[in-house]
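Enquirer: Just so you know, the protein sequences line up as chains W, Y and P, in that order.
Numbering follows this note's numbering, with no gaps: position 67 of the first sequence is 67.
With positions in the second sequence counted from 1, the corresponding number in this note's numbering is that position plus 344.
With positions in the third sequence counted from 1, the corresponding number in this note's numbering is that position plus 1052.
Derived by calculation from the structure, the hints in this document are not laboratory data.
Computed from a predicted model, the values in this text were never measured in an experiment.
Cβ coordinates follow ideal geometry from the N, Cα and C atoms, glycine included.
Wrong hints could be hidden among the right ones.
As the list claims (entries may be wrong) - Across the chosen pairs, the derived CB separations fall in these ranges:
| id | chain 1 | residue 1 | chain 2 | residue 2 | range |
| --- | --- | --- | --- | --- | --- |
| 1 | Y | 573 | W | 191 | 53 to 63 Å |
| 2 | W | 178 | P | 1065 | 30 to 40 Å |
| 3 | P | 1071 | W | 340 | 47 to 57 Å |
| 4 | W | 23 | Y | 573 | 54 to 64 Å |
| 5 | P | 1188 | W | 23 | 42 to 52 Å |
The residues making up each chain are set out below.
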Amino acid sequence: MNSFEYGAPTSLPEAISLLSPRWGPTEILAGGTDLVALMKDYAVTPRRLVSLKRLPGMGAIAWSPSKGLRVGALATLDELARHPAVVRHYPALAQALGDAASPQIRNRATVGGNLCQRPRCWYFRNGYGLLALDSRKRSLVLLGDNRYHAILGNGGPAYFVSPSTIAPTLVALGARVRVAGPGRSPGLPASRLIALESFYRAPTKEGQREHALRPDEVLVELSVPPPGGSRIAYYEVRQKHGFDWPFATATVRLDLAGEKVASAVVMMGHVAPTPWRSREAEGALAGQVPTDALAAAAGRAAVGPAKSLGQNGYKIAIAQVAVERAVLLAAGLAAGAPWQEAAS
Amino acid sequence: MSAYDWPPAGQRRILGTDVARIDAPAKASGRAAYTHDVRLAGMLYARTVRCPHAHARVKKIDLSAAERIPGFKAAFVVQGTGTEIFWAGDDVVAVAAEDEHAAEMAMRAVAVEYQVLPHLVVDSSADVPAAFSKPMDPELVGDPDGAFAKADAVAEGDYGLPVITHCCLETHGSVAAWGKDSLEMHVSTQAVAGVPEQLALALKVPQSQIRVHAPYVGSAYGSKLAADRWGLSAAHLSKQAGGAPVRLVLDRREEQEVAGCRPSTYAHVKVGAQKDGTLVAWQSTSWGTGGLGGGAEPPLPYLFRIPNQRRQHTQVVNNIGSARSMRAPHNPQACLVTLGALDDLAAKLGMDPVALLRKNLGLLSAHADVYAEELGVADKLMQWSKRWKPRGTMSKGEVRQGLGVSMHAWPGKAHPFQCDLTIQPDGTVSVRAGTQDLGTGTRTVMAIVAAETLGLPVKAIHVAIGDSAYPVSAASGGSGTVGGSASAVRRAAVDAVAELLARVAPALGVAASKLELAEGSVRVKGGGPSLTWKQACSKLGGLPLSVRGKNPGAGALADSGVGGVQMADVSVDVRTGVVRLHKLVAVQDCGLVVDRKTTTSQVYGSLVMGIGYSLYEEKLMDQNLGRCLNPNMEFYRLCGIGDVGELVVHLMSGPSYDRRGVIGCGEPAVISPGTAISNAVANAIGVRVPHLPLTPDRVLAALSGATP
Amino acid sequence: MAKAKTKAALSGPGKVPVSVLVNGLTRKAELEPCITLLDALREHWGLTGAKRVCDRATCGACTVLVNGARVYACGLLAIDVQGDEITTVESLDQGGALDPVQEAFVAADALQCGFCTCGFVVSATAFLAENPDPTPAQIRKGMCGNLCRCGTYVGVQEAVSAAAKALSKAARPPARRAGGKR
């Protein structure tokens, strides 16, 4: 990788002051599990790295029944997955965390880093740019091998899939992130809260990022409201047992009124350039009594707008099944299903 | 009966038992020094500028910016201006610098201009432009048309395996250091005695002036037989840098792009049989790529000499790195194409595929009795007869079970091998050979055979290998090392015993013929005085005893030709296309087993590699870019510990296997997993998934009735 | 980027002094900030047990412990682990005697070419500290961050299981409890 300048500030204002107001010259180093690989592949070539490791208190995890969960951006995936409150109150999140990558990654990767990690698109990682356009502005993804690319929200020019396996579940949980950037006066950073759902965006130009963070902002905290009485389930389809990217994930949140679904949130992962909310599936579920047939209908609705890029049509079938099964799990209808056994 | 013969079953102390690998402590502690771990004083680090185009001509090379990088030491132009380059990643310029970072910066500062030429890097269709296609002459045996016309059942189908890579964990590489006019190299190689010749020819140096070391090798699987362009670059750079040691090891991207490639094979097959399953006719149209060099023709039909055949194969000669032999070359491909087709034929006949295989054992060229016995053992271990049901009827619902069977053969012939066995007057014993241990257990096998023969414990034998200055032995390929080493060490040790007895006899005052080596001591036959091992060796005087052992070729000590049978148990989620392997049974014949533990490990390892290429592995090439899309271990996906299911290995043993002697076992078991698993998936879901790896996209496509 | 009016020490580009605590010893070198912990261990401090294989935090051959937790050394910058405590495979068999995890790998033949083995051993050591009595399923999940091309997983499964028993028999206190602050 290229040479760069390394800074390890000891305060947030100092960290912010070291960041460039435009993307490219600086990068934030947290766990480094993604950034170091990106730099080795010259997918990013910062001139300065700003390490957050000396910032005090940014790895704390706190829980209260009234406020929910507050997670410092530097908490590791492993710390969050093992936190008693997560295990007890957010089992779907614990599962998504526990299935992510490998123990070695979970020990190092931070929550903030996970939410801001860059896409795994092989054109991007092989140095052809985030939007992977050739010299004639044609998409290498459309021309080439798109078997793992987006089936939803794939009108272009971004065709990669959002890589975080926990972001969709966090969106379903109503999570927000607090980001801090330069304030009116130096030493007094301005901070803003962003709903995680609107944190992600599909870039339309090369040089843009996949999220709303500004180049000189730091993601400092994740907050997750109390889960209330919702029933939430996470289901992912991947081929290998361990350390493999899913083809599709689904997180389904059901709030029941009596036997019927009062409201539903259906989030899909690894299917679109952002964590994908399926209003269609939510609409199919609302007001209905959960049954096998309803779950199937939700799955079909979820992939209604999906389209193949050529080689990734199979992901439509898989995403449909993921939503269907997540609905069954959330509704408590999956007991004894052979696919539960097979996946263990 | 010769003095060299293996001791009879009742008299073996160590042979055939479970002996822990003697170099395992070094490997488990990090003390084992591989080529990657060699650190020499003043060592420079080298990197290679590689062509980014799949086909191009070098127009201009400008080294000036590279030379200005701080720490730059030397550059060597591998393929200069005007050279035509035939695959992306091929070596153009190698540079050496003080440290790795400087070498990387210098490499990136080399400016090369290319004239880009048309390329082809894909191969999944035989329908490629003529420039990339080399059709071979059709081959005809008997009267296939007549036989098909008379056949009771004919099955037709498509089968294929893509290009995969060896993915050695220790990437290819070397450390080269010139002396005044001699070259010393550490090379990650499976041919420690063969590499010097290649270097001598290419560098125009007397071979006697070249010495190669490879004490530990981080695997090879057939890909590390050559000195390679980058090996020569390291030597050239060292020379240019005044003899400073130069380390040039590939990074993962290079390893995946240019240092390992198993040829693909695709085929359309028609096979016919009589009602009772007797095979009568075969027809195959096949193609595949081994890159520019070709070399991708599989032996079709595999194992079964079907009386009437028509075969036509086309070499796709495209712009990917040349093929390297990979663990049982061509066999996994031929096996899937053939035994996949036979499985489809059995389904068409409504027959249990095991019954179809049994029916046709007479068409095998050898070892029909072995296969018959192995099919029986595998049946018991898999409960096949109790569990098997016709295709698509094993179970219903979203997750379906299936069973599949396959069988394979492998020569495993002992290769040339020489060793020196030395007994010192203090009783210590060493065996040296110019061979290598790729993780197969060569060191351990040598120690076992010496210990068995000398009546000593395994730990008393010091084994030294991985040095071309030691007695010349062949490259490790074809599973020939175990037979060669066992045979050579046995003969050396038997001769050493004879010489020891002769030299000790005067001290005991009897003729050597009256002495025997037994229970760790030298004693007079039938009772009388005896000497402990140490006492006996002390009688050697000041002169150690050293004998050369040589494998004389096939004979009573080592043989060739093994058979194996495998059965797979899978489940398929027919909604997602995800295949899970639950159990894989491998029944393997390997003649006389020297070390049960490492032999079993070889079979386990073959199964795991087999599961990998069945379910996950594929070198993906982008035709538009001409480059590999997954030159990493993230999307070039290997099996993990959770993916292998239950593995059951049964080594055939007993007098009829023992008497054939030692036969190599490193490769055969990698042949069948693809076929057994593919057949099991077909049994589960009712249709053939034509091409490996059995990823969800392929499984779902087959379920939806798509053709490849 | 801002001309930082800051007290923060900015290091590099170019070689800067780096010191890291490895196996209880402070190791120093002049390194570019871009040098990974793995390369510092291997190229500068002579600790070659951790191997460079995928070099992209995928395969586990470079597994080391940072403050007791297993991580991929190829994904860390040496300059960024200053102040942390690094443990490598070389610390396990001090005095030449293998520790129980290593012994178990040897006995179960959980290695062939051996290039992945040190990574597996370190990973298993951390895994067993977290989970001293694992089920086979927990071993499969817990050891999924290490890949072996020779296919020694049956041996690894057996070795980790046997090491758990050996360690509990020795009633060794869990010296390297993972899950601490990193």
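Enquirer: Now look at each hint and say whether the structure bears it out.
Expert: To see whether the hints hold, each was checked on the structure:
One distance hint, 53 to 63 Å for the beta-carbon pair residue 573 of chain Y and residue 191 of chain W, holds here, with the actual separation near 56 Å. Evaluation of the 30 to 40 Å hint for residue 178 of chain W and residue 1065 of chain P yields a pass: the beta carbon distance comes to about 32 Å. With their beta carbons about 51 Å apart, residue 1071 of chain P and residue 340 of chain W fall inside the hinted range of 47 to 57 Å. Here the CB-CB span from residue 23 of chain W to residue 573 of chain Y is close to 39 Å, at odds with the stated 54 to 64 Å.
Restraint check, residue 1188 of chain P to residue 23 of chain W: a C-beta distance of roughly 47 Å satisfies the suggested window 42 to 52 Å.
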